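Asker: Starting from the given sequences, assemble the full structure and let the hints guide the process.
For the protein sequence lines, the chains are A and B, in the order given.
Residues are numbered in the working numbering as their position in the first sequence, beginning at 1, plus a constant of 1408.
Residues are numbered in the working numbering as their position in the second sequence, beginning at 1, plus a constant of 1408.
None of these hints come from the bench; they were simulated from the model.
Here the structure is a predicted model, which is why all the values come from computation and not from measurement.
Glycine included, every Cβ here is placed at the ideal spot set by N, Cα and C.
A few of these clues could be false.
Stated by the list, open to error - Pair ranges (Cβ atoms, derived):
#: 1; chain 1: B; residue 1: Ala1461; chain 2: A; residue 2: Lys1521; range: 26 to 34 Å
#: 2; chain 1: A; residue 1: Asp1457; chain 2: B; residue 2: Lys1434; range: 33 to 41 Å
#: 3; chain 1: B; residue 1: Ser1496; chain 2: A; residue 2: Ser1466; range: 39 to 47 Å
#: 4; chain 1: B; residue 1: Lys1443; chain 2: A; residue 2: Gly1482; range: 30 to 38 Å
#: 5; chain 1: A; residue 1: Asp1427; chain 2: B; residue 2: Thr1501; range: 35 to 43 Å
#: 6; chain 1: B; residue 1: Ala1461; chain 2: A; residue 2: Gly1482; range: 33 to 41 Å
#: 7; chain 1: B; residue 1: Asp1520; chain 2: A; residue 2: Tyr1558; range: 24 to 32 Å
#: 8; chain 1: B; residue 1: Lys1525; chain 2: A; residue 2: Glu1481; range: 20 to 28 Å
What the hints assert, rightly or not - Taking beta-carbon pairs under 7 Å as the criterion, some of the chain B residues facing chain A (in silico):
#: 9; residue: Ala1428
#: 10; residue: Tyr1432
#: 11; residue: Glu1481
#: 12; residue: Gly1482
#: 13; residue: Asn1484
#: 14; residue: Ser1486
#: 15; residue: Ser1496
#: 16; residue: Lys1525
#: 17; residue: Phe1528
#: 18; residue: Ser1531
#: 19; residue: Thr1532
#: 20; residue: Leu1537
#: 21; residue: Glu1544
#: 22; residue: Gln1545
Unchecked claim - Chain A residues, not near chain B, derived (Cβ > 10 Å throughout):
#: 23; residue: Lys1434
#: 24; residue: Ala1461
#: 25; residue: Leu1468
#: 26; residue: Leu1485
#: 27; residue: Phe1533
#: 28; residue: Pro1534
#: 29; residue: Arg1548
There are 2 protein chains.
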Amino acid sequence: MLTINLVCVGNLKEKFWQDAEREYAKRLSKFCNLKIIEIEEANEAKEIDKILAFEGKSILSHCKGYGILMAIEGKNLSSEDFAKEIQSLSLETSQITFVIGGSYGVSKEVKDKILKKISFGKSTFPHNLARIMLLEQIYRAFMINSGAKYHK
Amino acid sequence: MLTINLVCVGNLKEKFWQDAEREYAKRLSKFCNLKIIEIEEANEAKEIDKILAFEGKSILSHCKGYGILMAIEGKNLSSEDFAKEIQSLSLETSQITFVIGGSYGVSKEVKDKILKKISFGKSTFPHNLARIMLLEQIYRAFMINSGAKYHK
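Answerer: What follows is the structure in structure tokens.
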């Protein structure tokens, strides 16, 4: 079974995001071994460069297998193409690690090391909502790849 | 105060989506008069054309002021450009109506009548999550337009 790691900066404070995450994690448990790794958010008082360097080190230490960075400058894929991407990666690797940055994005080092970048279009979304959107797209990808019917 | 109507097909079944909607509605109440109008979902047993025609009639009857259809073929805007769009529309109209279709999208009639189409990129999202994404982007737009700091 494919392992999907989701490396995120900071935790989900609101209960509704936690519950949404739990729901998608439950649905995904049929298709993959999902691990959600929450990186400690750096203290806001520091300079942005230092925050990103601190978070980046931690992010990279948790990147196992094939890394995919969620970044606004990344490639915007249709759900079908995203599903194909996961399908073909699953033939090459046993682990995929998705990374969602924090409030300030991610460091240059993270961007340089994780070559594969995917975006959800040009809009900026908060990290908590982006996490749910990504979980939904991963679930949708597995549903597409299994030939199951899944509603919009 | 600008009125923002959000016309959606079907309701939010899961409590976490309802709570997320409530949270963004609360935040938006500072900036606009938000009205969420839930159109009855057509019976799934009917043919798709009939479902869309039934829902479409109801959608159009609730379209007040300037209409914007959320559609995958629409224009994908950055949050800043979306904010500018709302800003300039608010000078022309007192009401903006956003439309999110149901599981089968919307009828040709709705697409023909609502000329302005916006998308959140190429990914397909379920209507419940799309509703939260839209509320977040509207809130982000008001925050951008008011010059407030708002985190990713």
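Asker: Provide an ascending list of the numbers of those earlier hints which the structure does not satisfy.
Answerer: Of the numbered hints, 1, 10, 11, 12, 15, 16, 26, 27, 28 and 29 do not hold.
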